[in-house]
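Asks: Sequence:
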Amino acid sequence: MSLTVPTDAGAAGVAPAYPPQGLTPTHEQLVRHLRHSSRVAERATLLGHHPFGAVLLGPDQETVLMEQGNVDTVNHAESVLARVAALNFTPEYLWSCTLYTSVEPCCMCAGTMYWANIGRVVFGMTEKRLLEATGDHAENPTMSVDCRYVFDHCQKPVEVIGPVPEVEAEVMEVQRRFWSGR
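Numbering (full-length UniProt numbering) for the sequence shown: 1 to 182.
Calculated directly from the structure, the hints in this document are not laboratory data.
Just so it is clear, the structure is predicted and the values come from calculations on it, not from any experiment.
Please note: incorrect hints may appear among the correct ones.
[Unchecked claim] Subject to a maximum C-alpha distance of 20 Å in a straight line, what follows is the list of computed EDC-like cross-link-like pairs (lysine to aspartate or glutamate):
(1) K128 x D152
(2) K156 x D146
(3) K128 x E139
(4) K128 x E170
(5) K128 x E62
(6) K128 x E168
(7) K128 x E92
(8) K156 x E139
(9) K156 x E92
[What the hints assert, rightly or not] The following label-pair restraints were derived from C-beta to C-beta distances:
(10) D60 x D136: 24 to 32 Å
(11) Q155 x R177: 26 to 34 Å
(12) R32 x A138: 18 to 26 Å
Positions of the beta carbon are idealized from the N, C-alpha and C atoms, including for glycine.
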């Protein structure tokens with residue numbers, strides 16, 4: 001995991017704006033950062049972990065603040081990244097950041113992102129499509145809960161973008177390759 005702390009990391013006590021005030025990502029940025037999260041997912045497999053990756057971008061949609069691969073069944077890439085981000089940045093700053101993840105966050109990860117105050121999440125492939133790759137594999141019993149359902153039940157509106165068709169097949173290939181060998 002890499003960590004860069006910007007000098008404008010937000011002032012404590014300032015209420016976050018709704019919706020997030022960071023720049024809206026361009027389509028090119030969506031695709032590029034999702035591919036980055038997919039490379040992080042592939043790197044996780046080299047360490048013996050499941051193929052999930054997350055990248056946190058600053059409000060400018062260019063500054064990579066952190067990246068994280070999957071650790072284990074209860075330490076998913078997104079939730080670990082969100083917890084570490086919450087320790088290193090103010091909630092106000094995180095509200096303007098975007099978390100990119102190869103696969104739609106599960107409800108645990110969506111909740112962790114919400115509590116960390118990350119204002120936007122972008123994913124490449126849905127949890128439903130993940131089930132097609134994993135089947136009923138005991139190591140990854142996917143949940144049939146759309147992350148939008150979780151965010152729709154929160155008190156502040158987290159922006160969700162995804163799936164992104166340009167990367168969906170690439171993400172699926174990483175998942176199929178990994179799970180077919182398990």
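Asks: Each hint: holds or not?
Replies: Hint by hint, here is what the structure shows:
1. K128 x D152: holds (18 Å)
2. K156 x D146: Since the Cα atoms of K156 and D146 sit roughly 17 Å apart, the hinted pair holds (cutoff 20 Å).
3. K128 x E139: holds (16 Å)
4. K128 x E170: Holds, because 16 Å separates the two Cα atoms, which is no more than 20 Å.
5. K128 x E62: Answer violated: K128 to E62 is near 29 Å, above 20 Å.
6. K128 x E168: holds (12 Å)
7. K128 x E92: Violated. K128 to E92 sits at ~32 Å, over the 20 Å cutoff.
8. K156 x E139: violated (32 Å)
9. K156 x E92: Holds: K156 and E92 sit about 13 Å apart, inside 20 Å.
10. D60 x D136: 24 to 32 Å: Hint violated: Cβ distance 42 Å, outside 24 to 32 Å.
11. Q155 x R177: 26 to 34 Å: violated (40 Å)
12. R32 x A138: 18 to 26 Å: violated (34 Å)
Hints 5, 7, 8, 10, 11 and 12 from the list above are not met by this structure, while the remaining hints are.
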